[in-house]
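Chain by chain, the residues run as shown.
Protein chains: 2
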Amino acid sequence: MRAEIIAVGSELLTPFRLDTNSLLLTAQLNEVGIQVVNKTVVGDSPEEMRRSFQQALARAEIVVSSGGLGPTDDDRTRQTVADLLGRKLVRDEPTLLKMQERFRRFGRPMPEINLRQAMIIEGSTPLPNPRGTAPGLWIEEKGRTLILLPGVPAELKALFEEQVKPRLARLGIRQRLFTRELRVSGLFESDVEQRVSPLYAQHPEVDTTILASPTGIQLHPRIWSDDPAKAEALLDEITRRMAIALGEHLISTRGEPLEEIVARTLIENRATVSVAESCTGGLLAERLTCIAGSSVYFVGGVVCYSNELKTSLVGVPAEIIDSKGAVSPEVALALADGIRRRTGATLGVGITGIAGPGGGTPEKPVGLVYLAIADERGARERRLQLPGDRERIRMYAAQAALDSVRRHFLIPAHGRI
Amino acid sequence: MRAEIIAVGSELLTPFRLDTNSLLLTAQLNEVGIQVVNKTVVGDSPEEMRRSFQQALARAEIVVSSGGLGPTDDDRTRQTVADLLGRKLVRDEPTLLKMQERFRRFGRPMPEINLRQAMIIEGSTPLPNPRGTAPGLWIEEKGRTLILLPGVPAELKALFEEQVKPRLARLGIRQRLFTRELRVSGLFESDVEQRVSPLYAQHPEVDTTILASPTGIQLHPRIWSDDPAKAEALLDEITRRMAIALGEHLISTRGEPLEEIVARTLIENRATVSVAESCTGGLLAERLTCIAGSSVYFVGGVVCYSNELKTSLVGVPAEIIDSKGAVSPEVALALADGIRRRTGATLGVGITGIAGPGGGTPEKPVGLVYLAIADERGARERRLQLPGDRERIRMYAAQAALDSVRRHFLIPAHGRI
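Those sequence lines, one after another, are chains A and B.
Per my numbering, the first sequence starts with residue 1069, numbered consecutively.
Per my numbering, the second sequence starts with residue 1069, numbered consecutively.
The following block holds chain A by itself, in its conformation from the complex (with noise of 0.2 Å):
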């Protein structure tokens, strides 16, 4: 079955904003076994809209949009299509409720402007929006389906999965894609791409995708097919040939980011920590704690910008920072056993480095980056040189301390970092 994407809204044909939310669309659209040949951008002129939306309809079995949904005058998709449709547009009741049941929760007033989302197109379902105000709308039109979703990524997303995606399940589709997910830490993408490309030849029924980021690299292999079992038997063949291709540098064959990998490593390890960073500046007790019940394993944090601190809130000695200076293995590993006696954590991190792009030398040049773990038995450290610009050595940085954390229970007896 085939979908086409719309994107509603004038900012997206400007030199500033993609829509990124086709990318979800797709991805779930794709679980489900239906597939996406073509997406289109297109602003907020009622004109341009209908046109948009009558040509996806004379082509694809099912249309989805996002965005246009909001309360303000240059919300227009419901209008549009309901004109295009030749329908009305009717009050909905228990919508209007849930609207305002949503502003009373925050104790604020709900806006004229508001109710314009309570209106809905005439024989269309309204999809509950857990996340915010507009509902998303269900329309059956001659055989068509056609799915409006507001334009805001967490609200567009908890809607799919919540409203869309099990009414699509149950068009009872055959053909769908599998896929697996693979997650690296620790390697460059072209390390990624030599040790796995040779097993693309060896099975040519699978395409895979390489996506790279400073919080590490997917492996993306994908195969549509109507045979559940045999799909999956062929992508745990690939997975397992891929695990060891990887080594140790595969952190997860679910999908899984690293923080989620990091966090159950050490609740299952009855594990704590602490992190003490300089030019990380926060990022990474902010990754530590981006998962939700952070609280069980993660105790904290302090960002030491200044020498002074260093020595005052984490008790690095004063003359360890006067003689190796403050970007240095010495002071990485005195952060991180100073965090972790001060705050009593079972690990504690330490991060320095020059993110740039100044204070660099050519001794230290900007990149250098010291990270340190340490336990009761002692600390160690290591250095990193890292490309980029100030926010990807910041990132890299933060991911490979957090990826210092995994590594640590990898060998009881020794760990690494």
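Source of the hints: derived by calculation from the structure; they are not laboratory data.
Only a predicted model underlies this, so the values are computations on that prediction, with no experimental measurement involved.
A portion of the hints provided could be inaccurate.
Pairs involving identical chains hold if they fit within one copy or between any two copies, as the list cannot separate such chains.
Here are the simulated DMTMM-like pairs of lysine to aspartate or glutamate, each with C-alpha atoms no more than 25 Å apart in a straight line [to be verified]:
no., residue 1, residue 2
1, Lys1298, Glu1249
2, Lys1225, Glu1459
3, Lys1210, Glu1115
4, Lys1166, Glu1459
Place chain B on chain A using the hints.
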């Protein structure tokens, strides 16, 4: 004048790849006075491609495509467009010579399949590709202009700038896009809309886009005009009126993010800041340090998840935590004042709250956040009840805290939070 952009490539219809070329094309087209009214992504299927080109040519004076000009079987843009226009593909000898010369320069024989790239659409003008083999094609058809470009971003960029833009500039389009970018903090999108929408009616020639995110709201008033002086004056006027309507919530009329405004404000006031965060887990420190040179104004931060650390690292009296609870105005105030004293910063910021999803109670629900800011004269606090999931609550809370630093300097005698 109106343009449509078509991105060709089946990989752009997977969940992994976005068409980013269109951002560059849009910026470049806008600069020569051409508005982008539609963007389409289509796969390698000749049938789908043909339909997309046909529809685009029916709607816009200019159609720009990227991708599908390579040497392989799935590069079908040339053939498909030739078929659509009822023209033949003919070998272009100058193009062939340039390609052969290019391969000679790299010391490689030209593969047979590359011959295909020397085939051009009859009556078209080949646009030499300074960075690759496939030339672009400039095609005029019944008053429309069709521009076929390669998909590799570096090739597309060089080709557009060197070959396409000068040709478009010769069209003598007088009307250009003029724009401003206002940034707003501390208001919800609907509040911003209510404040500025009365201006829309008074300036119907200005088209204003509102973009909302947890890191603030952007307003983009835009006007197409053939009179630069008049357009700039009009944008100055509407910007001035928006500034009045938004009051102290307006943080920039030049698109600067809050981090930059806060950095400049602190530097101008010779002030420094330290932060003690609980629910935001390092996010506030991270935003304060993402600007290069932040060590001038950022002293340090503590992420104190546990009550013990609030006391041991920041000096929050344990009896306040016991009697008022960790999420309370009193603890926020003690965090702000404590971190200021312990680090010697001019300002201290404290954040405590419940990011969820667990940990909420009827009295202290998920999303409840207390912010405090302290200087040598004392501390003030503010209560927020934030909507959304864990990630949004953390982002909104960090944003509000960052904004409280900016607001602190608004009224010299007192400041605000």
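> Where does the structure disagree with the numbered hints, that is, which hint numbers, in rising order?
Replying inline: Of the numbered hints given earlier, the structure breaks none, since each of them holds.
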